[in-house]
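Sequential numbering of the sequence shown, starting at 16, is according to the working numbering.
Read the hints as simulated data drawn from the structure, not as lab findings.
Distance condition first, Cα-Cα at most 20 Å in a straight line; then the derived EDC-like pairs of lysine to aspartate or glutamate:
hint	residue 1	residue 2
1	K189	D250
2	K314	E324
3	K189	E218
4	K314	D126
5	K314	D44
6	K189	D246
7	K189	E251
8	K189	E161
9	K189	E158
10	K189	D222
11	K314	E304
12	K189	E152
DEER-style ranges, computed between Cβ atoms:
hint	residue 1	residue 2	range
13	C60	E213	47 to 53 Å
14	Q230	S325	30 to 36 Å
15	G288	E324	21 to 27 Å
16	L220	C60	41 to 47 Å
17	E324	G286	27 to 33 Å
18	V192	W317	43 to 49 Å
19	A206	C60	43 to 49 Å
20	E89	P212	46 to 52 Å
21	E152	E324	45 to 51 Å
22	G42	P212	38 to 44 Å
23	E169	L87	33 to 39 Å
Backbone N, C-alpha and C define an ideal beta-carbon position, used for all residues, glycine too.
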Amino acid sequence: MRILLIPGDGIGQEVVLAAARVLGRLGLDISFDEAPAGFDCFQACGEALPSRTLELARGASAVLFGACASPLGEVAGYASPILALRRELRLFANLRPIQSLPGPFSRPGIDLLIVRENSEGLYSGRERREGDTAVAERVITREASERIARVACEQALRRASQRASPATLTVVHKANVLRVSDGLFRQSVLAVARQYPELRLTELLIDTAAMRLVQSPESFDVMVTTNLFGDILSDEASALIGGLGVAPSANLGEGTPVFEPVHGAAPDIAGRGIANPVGAMLSGVMVLEHFGEGASASKLRWAIRATLESGISTPDLGGSAGTEEFTQAVCRSLAG
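I would like the entire structure built from these sequences, with the hints used as guidance.
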């Protein structure tokens, strides 16, 4: 397995290398390459996603991405490299698992998966100015909606078989207001989901789903929704288990899969050695699961949880360990 590391900006430089270290301790046939991307890269060479980086990504088994800085204002010539990777590699499905972790920072009993459409919606990049008016086009297509629905249904069935429990899928939308765009999404997803009679199918409006996610997250199994809604819901859900620092994700589709923690570059703590590598490490677990290395994935997940159970955690989780101390502790657990 050949994994391309793209640390990106800020704390991505710290957590991706920590994840690579623990993956390297598993005794698997894994090789690593490293390539630049991000806002710092853009400032240095004029490209946020250099063509060489994209070439290496196309040739890799998987990409482990760190984080990219997101300037709040428009910067001429700059575009998010992770969005570009998703587009260039045709990665239309974003999987964001939310699972309780050991520690007082995490609510118990949560084990859900948010399946987020990854290629269109309000992140289609179709924005324009008309004088003092700004317009963003929310693009929803039947093809993309049906495609993400199939992924969500298959994920629900896979999880049910692993847990010997009913497969449940919740479709999240705002079709009562966005009658045309979310109306098409809802119609398309429900049509596909009804082809899976073993699924328990429900639907929720986005505002109700957000409320219930806080009230009773343990009641959810798999949720499927549009790009922006999925981004917001998954960040909300991560707060229930410790925050953005512990949340992993996978971008899947036609090309090389890209795995990444969901947090940003966190410039306020970058370089201080206190970044939480759990999200990046759990993204590494997802890499292993994707390529059928279930035993190694379970071993790494256990080592991460054992480290947290021992009381070792980074400051964002209420602990005092730095990135290096936490990484060393996971490595010791793997060796033991």
